[in-house]
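A.B. asks: The chain contents come next:
There are 4 protein chains.
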Amino acid sequence: MTLNVGLIGAGMIGHDHARRLERVVAGARVSAVADVDLERARDLAAGMPGALTYASGHDIIASPQVDAVVVASSGPTHEPYVLAAIAAGKPVFCEKPLAPGPDACLRIVEAEVASGRHLVQVGFMRRYDPGYQAMRQALRDGLIGAPLLAHCAHRNPSVPGTYTSDMPLTDTAVHEMDAMRWLLADEVVAVSVLLPRRNGRAPSHLADPQVLLMETATGTLVDVEINLSCAYGYDIRCELVGETGTVTLDSPAGCTLRGNGTASQAIPADWRERFGPAYDAELQVWADTVAAGHDGCAAGAATSWDGYKAAAICEAALAALDSGQRTPVVTKDRPAFYADAASPRP
Amino acid sequence: MTLNVGLIGAGMIGHDHARRLERVVAGARVSAVADVDLERARDLAAGMPGALTYASGHDIIASPQVDAVVVASSGPTHEPYVLAAIAAGKPVFCEKPLAPGPDACLRIVEAEVASGRHLVQVGFMRRYDPGYQAMRQALRDGLIGAPLLAHCAHRNPSVPGTYTSDMPLTDTAVHEMDAMRWLLADEVVAVSVLLPRRNGRAPSHLADPQVLLMETATGTLVDVEINLSCAYGYDIRCELVGETGTVTLDSPAGCTLRGNGTASQAIPADWRERFGPAYDAELQVWADTVAAGHDGCAAGAATSWDGYKAAAICEAALAALDSGQRTPVVTKDRPAFYADAASPRP
Amino acid sequence: MTLNVGLIGAGMIGHDHARRLERVVAGARVSAVADVDLERARDLAAGMPGALTYASGHDIIASPQVDAVVVASSGPTHEPYVLAAIAAGKPVFCEKPLAPGPDACLRIVEAEVASGRHLVQVGFMRRYDPGYQAMRQALRDGLIGAPLLAHCAHRNPSVPGTYTSDMPLTDTAVHEMDAMRWLLADEVVAVSVLLPRRNGRAPSHLADPQVLLMETATGTLVDVEINLSCAYGYDIRCELVGETGTVTLDSPAGCTLRGNGTASQAIPADWRERFGPAYDAELQVWADTVAAGHDGCAAGAATSWDGYKAAAICEAALAALDSGQRTPVVTKDRPAFYADAASPRP
Amino acid sequence: MTLNVGLIGAGMIGHDHARRLERVVAGARVSAVADVDLERARDLAAGMPGALTYASGHDIIASPQVDAVVVASSGPTHEPYVLAAIAAGKPVFCEKPLAPGPDACLRIVEAEVASGRHLVQVGFMRRYDPGYQAMRQALRDGLIGAPLLAHCAHRNPSVPGTYTSDMPLTDTAVHEMDAMRWLLADEVVAVSVLLPRRNGRAPSHLADPQVLLMETATGTLVDVEINLSCAYGYDIRCELVGETGTVTLDSPAGCTLRGNGTASQAIPADWRERFGPAYDAELQVWADTVAAGHDGCAAGAATSWDGYKAAAICEAALAALDSGQRTPVVTKDRPAFYADAASPRP
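Chains as they are written, first to last, in my numbering: chain Y, 1 to 346; chain L, 347 to 692; chain Z, 693 to 1038; chain C, 1039 to 1384.
Chain Y on its own, in the form it takes in the complex (with noise of 0.2 angstroms):
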């Protein structure tokens, strides 16, 4: 009854992954690695027993071993594995970003609904933080009336000398992006990019911090500070202001020490420590939804849809963070097939 998942790139995310799904997820097992560098896929499977090694996803993908597919390689070669399994009809969970931009996004959105199934999942974790789904809940619980605002913000400690001014936004507000439409039920419209002060410490040709503000079809303008040089730990925040209350995420409790004058609590370092649960529960979830075989995305998890709005997104935001101007997302209309978010599939 162990599912067999097939994954696609060893490097540091899929080695993040294998030993999940080798040591965490419940009923899953690695059956096939492949990466373009064998040597490496040889390494990984070392020590996943009776796990086969590939230098192509495609052959994965083939593979009768394989009964669904994690793809965790380069972004750019998202788009044929994600094809060619729709096309096999195996399960594809795959990583953010589904593809580089919104038209790579389209085509996926387009086969996978020609095939008339529901075969691909992204990985925006974040919808299996317990903090953000019991924001979710409140909201939808109507404890603090219909959302008129959300502040975020997304610090990372630093970043590497390689990080440009446009991953700020592809690669760190992405996930805010898809955050915001799941929490809010609601599509982004428009949105604008602010660039304060630059931080000294950032890598110098990095436009660090950089504002995003989201405008919702409802209204709802959410506005995202992304710092990446923040030194002082990984620290995710967000508010909802509803009309009548708001909803906070809280940090993460361990314990809290008293020392030396201050009353203190400790900052996860990294996006791992933070959103390692969030990333177990996903995976499990999506494993529990493929061996259950009704489905290769689980209820309230990212589709392909979410995938493409999220590229939609981004490329606007480019495109603002360019012209210094509030700039519109224009999308597709979504093929009845994906639910809206604010009503997503059951």
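It is worth saying that the hints were derived from the structure and are not from the lab.
Just so it is clear, CB atoms sit at the ideal spot from N, CA and C, and this is done for glycine as well.
Hints are not guaranteed to be accurate.
With beta-carbon atoms standing in for the labels, derived distance ranges [unchecked claim]:
hint	chain 1	residue 1	chain 2	residue 2	range
1	C	1085	Z	887	20 to 26 angstroms
2	Z	704	C	1299	37 to 43 angstroms
3	C	1238	L	488	38 to 44 angstroms
4	Z	1016	C	1357	56 to 62 angstroms
5	Z	1016	C	1085	54 to 60 angstroms
6	C	1255	Z	1014	21 to 27 angstroms
7	Z	799	C	1255	47 to 53 angstroms
8	L	395	Z	711	24 to 30 angstroms
9	C	1299	Z	1018	41 to 47 angstroms
10	Z	852	C	1357	40 to 46 angstroms
11	C	1357	Y	137	45 to 51 angstroms
Fit chains L, Z and C to the supplied structure of chain Y, relying on the hints for placement.
C.D. replies: This is chains L, Z and C only, laid out in the frame that chain Y set:
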């Protein structure tokens, strides 16, 4: 040795200051009260042994029984009273706004400079809030590095139906305009106003909430949520984000109640509850300063120049609200007589 | 209309009260200072225009320039001064302890009862702390049901080498003895003292920490950690546990600093910082009450009877420390003149 | 490679562990279920493909389809099943208590020592709670100095009418007995039980709340409020007080709701919600350890010896409840086979 204070204006805020001067501030008393409605002045003075009453604030200023003046009358009357107090050489504490627009404020500034003495203090009481003071100290102590961003929220449970759409900026956010200049020791050079989805609970003609963006000379970007129909309480929030850390205003502490499945803390009902101790401290320090004979404006308090700056930011914000555009804040150069925000008077 | 206060005792706490009466409390001044060391009295009076100086507190009490008396001299001198003030019919605010033991306190109680007037207030300032007041209100409002347990901690960073093992009970926990009677509106009927592992940082002869257990007439059990060498700050904790909920004293709020991997809040350095506003409020309310001519003890403040009760609990606690046994608290019956804790004077 | 686990006991906790082994724990499955009520075993096994069913736990232990055993049957049956598993050389995870009294536990200890292998793990799940783990790490890292005191509270909203007055100690506080030995790395040498005012909401025959005092070999004093009718939620509190600081267990974080004049956080409804992740981690680590073939008890988990110690503390606590006296905890010397609490098995 008691400081004899003449109070101009016997309305709500006048009553509040009278009570404070008589019953909270050490070393001061109300020696005279003026109001255009003389009956109102007499009612207020009834509880204050020996207090004279007048129908005109100018009589207060001229009275030999008055050492210093508190102006708590309606905004348009501030300018003539403050100018008269300067002319009489009497220290004057003027409730915000100093005067309705930057031009009127500038006339006060010029008169004060010409007088050669610091005689005017403006009632921006947040400078005396322990939480704001702790934030400012943290910034000055280098605990968060150079400031890059600030996030503010100014929430009232509701406002009267008489509130018009300019007042969220001129009556409400004006506190943040002064507080951020003082906290950041920086000048606001441009503003924008965004209008999110309207709160259905707001008076029908009122644009509420609003978001004010302020950019400072050094590039720090300040966002202020102005939310006057939040229903749940009076809530003032502020976070300064620096290059290596952040500092956040705590909500006032009391006790935590555990019951019915929640742990909860009370939120102040209104500004009186939230900032009562700051109002008390503000007037005490002013009375101490005046009584010491040095000056009519306490070190670190808001001067005429600060009142002028706040008025200029308000004016730009109203233009930004009207045009929907980013609007520069244009002001005169600061006279050497006033310290700048970055290096306030000792 | 200014209340002329005579101050007995020009030591540390005397200086503190003098400064408070002159510079913080509205409607009061220090009109005379006495100290056995006359030079010390003169030094203190130097900063107070018109203040007389004496070598004996009895001269203060007799002085026509003195409307009311603050006793801040050493503990053993309290009884004669308070008795003299009662005899002179002058209101007297006496620092804790009212007198060194229950017998001396009882003599004061009897003299006050005989005088037919409430002339004595004891300096238990926690009754004026907003956090404690909020807890008491929550209990009275029925928000936690009937009280069953209370957990307290009284932590000082360190104490002088002169501290002896009785003082954690008589000088430190005495505040909890009064505060818990007042909070719970209940009487302490038995006490025990436990000695945990000694803190190696404590003075070598000092039993520190100690745990005081107090049982009330209704069976509520109070535990108090008395910890005088905790190093990290001055920390006062209290939780009341009722039948349906609990209420916990919050630590004073200021700001939260995020830096170096932690979110942290400052802890007060000492009792002055923690309870400064409570000391201010206590003397202001006392001065207001006295000036109003009704009484020498504010409604809800600690009376002579409360001072006697605290002394009786101290005496029992010392016996319990000595014997290692649970020890009943034995006191006289309350004169009708005093309201009981459960129904304090309005 | 999947670990085949035989489950003894198909009651409430058995169902919970079955679900966990099948759906949460990676690398394990339930291969057999036994219950004295065979129908109940069959019902439970129905959802687990291939699981055998038996009426006797001894059949489970003997089954070649069973690699390791989970004992979740009623307390009195634990001893024979655990002894049988040891005799069979099969690892056994036994829910707390290990056995109803110290003598029975000691027989298990002796059998395990004689077997020469660590085959038994006891289900004290708090050792796997992230908050407790962070507290323990803080203590070990020297962040609070040597421990002097600990304050605990164990609060349930209510308990069934079947709860008798021994159960607050043996079924509830037993978790604190183990957790404090593990946190403090110290042994409990004496206990007392205090009975505060009874909660009127408790079942009429139940002494509730109770306060358990535990003294350790080094003199650390632990107080535990056991409160089984607190109404408001399931609340577990713990503070360790050391020579230079303290560390406090945080309540689990989710989100903070601001509404109706309060800021509030949800409190878990029951132990499942509060400790669900700890139960999950506990079984995952046990399964990993067993699958690795080294041992039947994970490093840091509770051994038979820890189960014996908890039973001995319970026995002393019951005597203390009965007598009202401080009661020593008397135990055998620790066999060299077991690490002591201060230096647990690596």
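A.B. asks: Look at each hint and say if it fits the structure.
C.D. replies: Against the structure, the hints come out as follows:
1. C:1085 with Z:887: 20 to 26 angstroms: Once the Cβ atoms are compared, 56 angstroms apart, the range 20 to 26 angstroms for residue 887 (chain Z) and residue 1085 (chain C) is violated.
2. Z:704 with C:1299: 37 to 43 angstroms: The hint (37 to 43 angstroms, Cβ to Cβ) holds, given that residue 704 (chain Z) and residue 1299 (chain C) are roughly 41 angstroms apart.
3. C:1238 with L:488: 38 to 44 angstroms: Given a distance of about 56 angstroms, which is not inside 38 to 44 angstroms, the answer is violated.
4. Z:1016 with C:1357: 56 to 62 angstroms: Once the Cβ atoms are compared, 20 angstroms apart, the range 56 to 62 angstroms for residue 1357 (chain C) and residue 1016 (chain Z) is violated.
5. Z:1016 with C:1085: 54 to 60 angstroms: 59 angstroms, holds
6. C:1255 with Z:1014: 21 to 27 angstroms: Distance hint for residue 1255 (chain C), residue 1014 (chain Z) holds at roughly 25 angstroms.
7. Z:799 with C:1255: 47 to 53 angstroms: Taking Cβ atoms as reference, residue 799 (chain Z) and residue 1255 (chain C) lie about 48 angstroms apart, which means the hint holds.
8. L:395 with Z:711: 24 to 30 angstroms: The hint (24 to 30 angstroms, Cβ to Cβ) holds, given that residue 395 (chain L) and residue 711 (chain Z) are roughly 26 angstroms apart.
9. C:1299 with Z:1018: 41 to 47 angstroms: Given about 43 angstroms between the Cβ atoms, the range holds.
10. Z:852 with C:1357: 40 to 46 angstroms: 43 angstroms, holds
11. C:1357 with Y:137: 45 to 51 angstroms: 47 angstroms, holds
Violated hints for the displayed structure, listed by number in ascending order: 1, 3 and 4.
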